[in-house]
Amino acid sequence: MDDKRELLRHTLAALAYRTTRALEGAPDSFATFEGAGRKPVVILAHMGDLFDWALNMAAGKPAWHNSDPLSWNQEKQRFFAALGAFDAYLSSAQPLHAEIERLIQGPATDALTHVGQLAMMRRLAGSPTCGENFYVAAIAAGQVAEDQPAPVQPFK
0 MDDKRELLRH TLAALAYRTT RALEGAPDSF ATFEGAGRKP VVILAHMGDL
50 FDWALNMAAG KPAWHNSDPL SWNQEKQRFF AALGAFDAYL SSAQPLHAEI
100 ERLIQGPATD ALTHVGQLAM MRRLAGSPTC GENFYVAAIA AGQVAEDQPA
150 PVQPFK
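Using numbering that gives the first Met the number 0, read the sequence shown as starting at 0 and increasing by one per residue.
Quick caveat, the hints were computed from the structure, so don't treat them as lab data.
Among the hints, a few may not be true.
As the list claims (entries may be wrong) - Below 30 Å or equal to it, Euclidean Cα-Cα: the simulated DSBU-like pairs (lysine-lysine) are:
#1 K60 - K75
#2 K75 - K3
#3 K60 - K155
#4 K75 - K38
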């Protein structure tokens, strides 16, 4: 596998890790929090759409679709499924029909921005996340499911 493809896969694993940290322990009411723009469930639906789009571009069938938000738990499942499907395509021998740099600068970094929004919104909603040193986190390419390793060095 080429280095750029592997770097994008590592970026997706870091996104999965950070998304898990931003969502874990959130009360059900967080999904519809209205204190900072779009509701978290709408942001998460958009994040799922980003990786449906990334997969479509990678497969040479660029198409965007705005999804209506599902329930909070369904959106979490859909996001991680979309991320996993895109990662599986990247790990395959299938040709890429989109430049890696554009997949990074478009859907991947857009999703990283949104996971930061979700983490900030958790604090605004009165349910802050626990900070940690992400540099030492146990992140590995291909590890894109919601089930992530425990924090190595959480902040107290």
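Exercise for the section: Given the hint that K60 pairs with K75, test it: the Cα-Cα distance must not exceed 30 Å. Expected result: Between K60 and K75 the Cα gap is close to 25 Å, so the pair holds against 30 Å.
Practice task
Would you mind confirming whether the straight-line C-alpha gap from K75 to K38 stays at or under 30 Å?
Solution key: Distance ~14 Å between K75 and K38 Cα, so the pair holds.
Problem - Given pair status - K3, K75, alpha carbons within 30 Å - result: At roughly 27 Å apart (the allowed maximum being 30 Å), K3 and K75 satisfy the hint.
Handout entry: Proposed proximity, K155 with K60 (alpha carbon, max 30 Å)
Key = Violated, at roughly 46 Å.
Hint compliance for this structure: hint 3 is the single one not met.
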